[in-house]
Each structure stands twice: as C-alpha cells, then as structure tokens.
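K.L.:
Listed in order, the protein sequences are those of chains A and B.
Going by numbering that gives the first Met the number 0, the first residue of the first sequence is number 0, and it counts up by one from there.
Going by numbering that gives the first Met the number 0, the first residue of the second sequence is number 0, and it counts up by one from there.
Treat the hints with caution; some may be incorrect.
[What the hints assert, rightly or not] Pulled from the structure, derived: some chain A residues nowhere near chain B, Cβ distances all over 12 Å: (1) A26; (2) I143; (3) L153; (4) A199.
[Claimed, not checked] Just a few of them, taken from the derived set where beta-carbon distance is under 10 Å, the chain B residues facing chain A: (5) D12; (6) S42; (7) L76; (8) S166; (9) L183; (10) A187; (11) Y195; (12) A199; (13) Y202; (14) A212.
Treat the hints as calculated values from the structure; they're not laboratory data.
Being a predicted model, the structure only gives us computed values, none of them experimental.
Ideal Cβ placement from N, Cα and C applies to all residues, glycine included.
Now for the letters of each chain:
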Amino acid sequence: MIDLQIIQDNLPAFLDGARVTILLLLASAAAGLSLSLPLAVARVSANPFLSRPVFLFTYVLRGTPLLVQLFMVYFGLAQFDLVRESSLWPLLREPWFCAWIAFTLNTAAYTTEMLAGALRATPAGEVEAARSLGMTGFDIYTRILIPGAVRRALPQYGNELVMLMHATSIASAVTLVEITRVARDVHANTLLAVEAFGTAALFYLALTLCITGLFRLLERRLLRHLARPAGAS
Amino acid sequence: MPMLIEYLPILLDGLLTTLSVSLVSLSIASLFGLAGALAKLSSERGAQAVAGTYTTLIRSIPDLVLMLALFYGGQALVNDIGLRLGWDYIDIDPFLAGSLTLGFIYGAYLTETFRGAFLAIPKGQAEAGLAYGMSGFQVLWHITLPQMIRHAIPGFANNWLVMVKASALVSIIGLDDMVHRASLATAATAQPFTFYAAVAAIYLAVTTVSILALGQVEKRFSLGVRKAVL
Numbered sequence: 000m001i002d003l004q005i006i007q008d009n010l011p012a013f014l015d016g017a018r019v020t021i022l023l024l025l026a027s028a029a030a031g032l033s034l035s036l037p038l039a040v041a042r043v044s045a046n047p048f049l050s051r052p053v054f055l056f057t058y059v060l061r062g063t064p065l066l067v068q069l070f071m072v073y074f075g076l077a078q079f080d081l082v083r084e085s086s087l088w089p090l091l092r093e094p095w096f097c098a099w100i101a102f103t104l105n106t107a108a109y110t111t112e113m114l115a116g117a118l119r120a121t122p123a124g125e126v127e128a129a130r131s132l133g134m135t136g137f138d139i140y141t142r143i144l145i146p147g148a149v150r151r152a153l154p155q156y157g158n159e160l161v162m163l164m165h166a167t168s169i170a171s172a173v174t175l176v177e178i179t180r181v182a183r184d185v186h187a188n189t190l191l192a193v194e195a196f197g198t199a200a201l202f203y204l205a206l207t208l209c210i211t212g213l214f215r216l217l218e219r220r221l222l223r224h225l226a227r228p229a230g231a232s
Numbered sequence: 000m001p002m003l004i005e006y007l008p009i010l011l012d013g014l015l016t017t018l019s020v021s022l023v024s025l026s027i028a029s030l031f032g033l034a035g036a037l038a039k040l041s042s043e044r045g046a047q048a049v050a051g052t053y054t055t056l057i058r059s060i061p062d063l064v065l066m067l068a069l070f071y072g073g074q075a076l077v078n079d080i081g082l083r084l085g086w087d088y089i090d091i092d093p094f095l096a097g098s099l100t101l102g103f104i105y106g107a108y109l110t111e112t113f114r115g116a117f118l119a120i121p122k123g124q125a126e127a128g129l130a131y132g133m134s135g136f137q138v139l140w141h142i143t144l145p146q147m148i149r150h151a152i153p154g155f156a157n158n159w160l161v162m163v164k165a166s167a168l169v170s171i172i173g174l175d176d177m178v179h180r181a182s183l184a185t186a187a188t189a190q191p192f193t194f195y196a197a198v199a200a201i202y203l204a205v206t207t208v209s210i211l212a213l214g215q216v217e218k219r220f221s222l223g224v225r226k227a228v229l
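Can you build the whole structure from these sequences, using the hints too?
P.N.:
Encoded structure:
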C-alpha cells in the first residue's frame, strides 16, 4: 500500500529539509528571545511611552496571520525604492533572510507578552525584599525579576518553540526548501500524498517530541524547587 | 493608494470567503471538539485511546502539512474509491476541503478546551440530574453543556482567533480567499506591500471585533457568577 521505496529515495532530501527547518527555528528563536526580553521589561513599565508602543507591536503581530507577515517582508519590501537601493537589498531578496525576519518578529511578539505576564506574576514580597537589601532598579531586574520570570515562563516557552517550529512550514510558501517544501516537491513528482506528507509529519512529530522532551529536562533542572516530593501526588 | 481603493471591493469579497471558511471550520471543530472531549471523559477505553491519539497527533504536526496531507490525500482517497465504483474523476472543492481540514485540526485543540470546561463543573450537578431520572443525554443537554460553555469561552475565543489567522493557509491549497486576492492584485499593480498591509489591517479588524464580541458573550454567560475581588 505505502511505497517505502519512494520514502527511502527521498530520505536525504527530507534530512536536508530538516536541517533547514532546525536552523530556521534556532535562528528565529534566538533573535526573537533576545528582542523580547527588553521589550517585556518595557511592556510592564509604568511609563506609557515605553509600554504603549510595545503593546501596539505585540497586538498587531499577534492579530495578523504569519503568512501575510511573511509576504509583506518577502514580496512587499521590494515595492519601495529606498529598500531596493539600500545596501541590505541583496539580503532582503533572499527568502531565508525574509523568513528569519518575519519569524523573529512574530515569535518576539508572542514571547514578549508571555514574559510580561511572568514579570507581572512576580510575588510582591520578592521585590520588597530586594529593595530592603538596598538593590537598585537595575539589580532588581537582572537578579530577581528576570530570572524569576524566565523560570515561570519556561513551560509556556516550550509550547511557543513547538508552535514556532510548526510555523517554519510556512516558509515553504516563499520557496525555502525545508521539510514541508520537500514534501510538496515529492508529492508534485510522485502524486503520492501519504508517502510525501506522512514522512514530513513524522519528521515534525519527532522534532516536537525532541523539544517537549528537552523542556521537560530543563524544567526538572530549573524548576527543581517546585518539584513535588516523591510519593506525593 | 488609488489602486487600493479600486481593488478594495475585490479584497472584501475575498474576506467573505475567509470568514465563511473560518465560521464553517469553527462549527466543524466544535463538533469534533465536543465528541473528542466526551470520548476522553467517557469510561470507554477504546474511545479514550482514539481521542488521545487524535489530539496528540494533530497538535504535533503543523497546520499546513495537515492541510496539504488531508487535501491531496483526501483527493486521492476519494478517487481511489470512485475508481473502484466506476465514478468519473472527482475534484474536491477547495472550500469544502479547507473547512473540513481546519475543522478537523482545531477540533483537536477544542477537545482540550471542552474537556477542561466539563471538568470544571461539579460532579454533583450531573449526579443530581441522574437522581431525578434524567437520561445521560438529558443530563448532558440540560445540565452540563449549558454550564460548561462559560468555562469554555476563553479557550474557545483563543481558538477562534488562531483559526481566523490559520485560514490564510487555505490560499496555499488554491482557495480564492483574501490572501489569494491580494496576490492577484499584487501581480496586476506591482504594489505588494500596499495590498498585503491592507489584508493584514483587515485581519486585525476581524480579530479586534472578535475580541470585543467574545468579551460580551463571556459576560452574558457569566451572569449570576460572582467575581473574586483581588
């Protein structure tokens, strides 16, 4: 029923695609996370000139489809002479660069709100204790608020990474050859939907399991103070 | 800008497709979600296993891959069966395929939403109904279902927002939705940014209206529920 030979023949292509998927995931996650930490701090700030623009950024990016965002970057920017004449144009023409920009901004928006929520959830006493020890605002952020918030946001961030990894499949719409594009090409050549998309699905399933497993380990390590003693349910 | 005004009716016509796909998918997803939740909560081992596999598998695979797999796979399957029965080649309607697939995918997410909402209702409510001689279905229809809605609304709202945005993917399987219209307009006018930005703005308007409307619905279903004062 299922043509295993076709899957075997295309396995190297799928592995190459998986490499692109993983690279895209890591590059966007790293850039998105670095962007979202300062943005989250600005988002919870009492100063509306800091918090409002960040709210607008996250609201717009979370309220529109990623596919449209990707098209705006990849197809859209070419509309402006300023962009086409800039020194960044050779990069902005590249599908992988556009995908990286779109995915980074998108995941940054979701991660910012997630971290902002975790920052707001900081117990008031922790901040009071830090103040009473004479810590300055900067110290309170870097030593108390951010480490605590990152730990609290950890399980949710695992979900966000799975979502981001799934979202990379959209890059196939701008000719990037990742797992989904390989599947679409195999399907176009063989018309075997189950073999082509089933293999892609298995690759994504494996990657999902890797990420959730990794986060389970991380949680066990970083949230060990919250672990329930053995035997208690 | 003048170009945009000229093409706006075409885009808005595509919005109708986008909204119809989303609404039809939401109805299908609600049915799958309800069935999934009831299966997960039932004492039937087989039903639990089927629903468990459904939710784990669907949530581990990207929407786009599932959509392509079900669209092309379904097409092949229907024609395989058709060939044996001696039918002519059947072209599956992308609207039907898109809505069914989105509904099937988001049914897995709604299964978890509904399951949690059912669990939030005290067991005594159902027991009281059974004690009055109601059948299992009557208990579900008159007691647990209406009360479960309140708990399900936040998750349901979230799923709707994600689904409206995911509906943009149907343009990839050839449905003539707003995104597809924008790409056609782009080809004719060489103003891709203007048109994709317009589409993004329309999506943002839809999500904003949804958030406001669903807030009202939540209020309506929470009448008589006291909120804790923090």
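K.L.:
Of the numbered hints stated previously, which ones are contradicted by the structure, given in increasing order?
P.N.:
Checked against the structure, the hints that fail are numbers 4, 5, 6, 9, 10 and 14, while the rest are satisfied.
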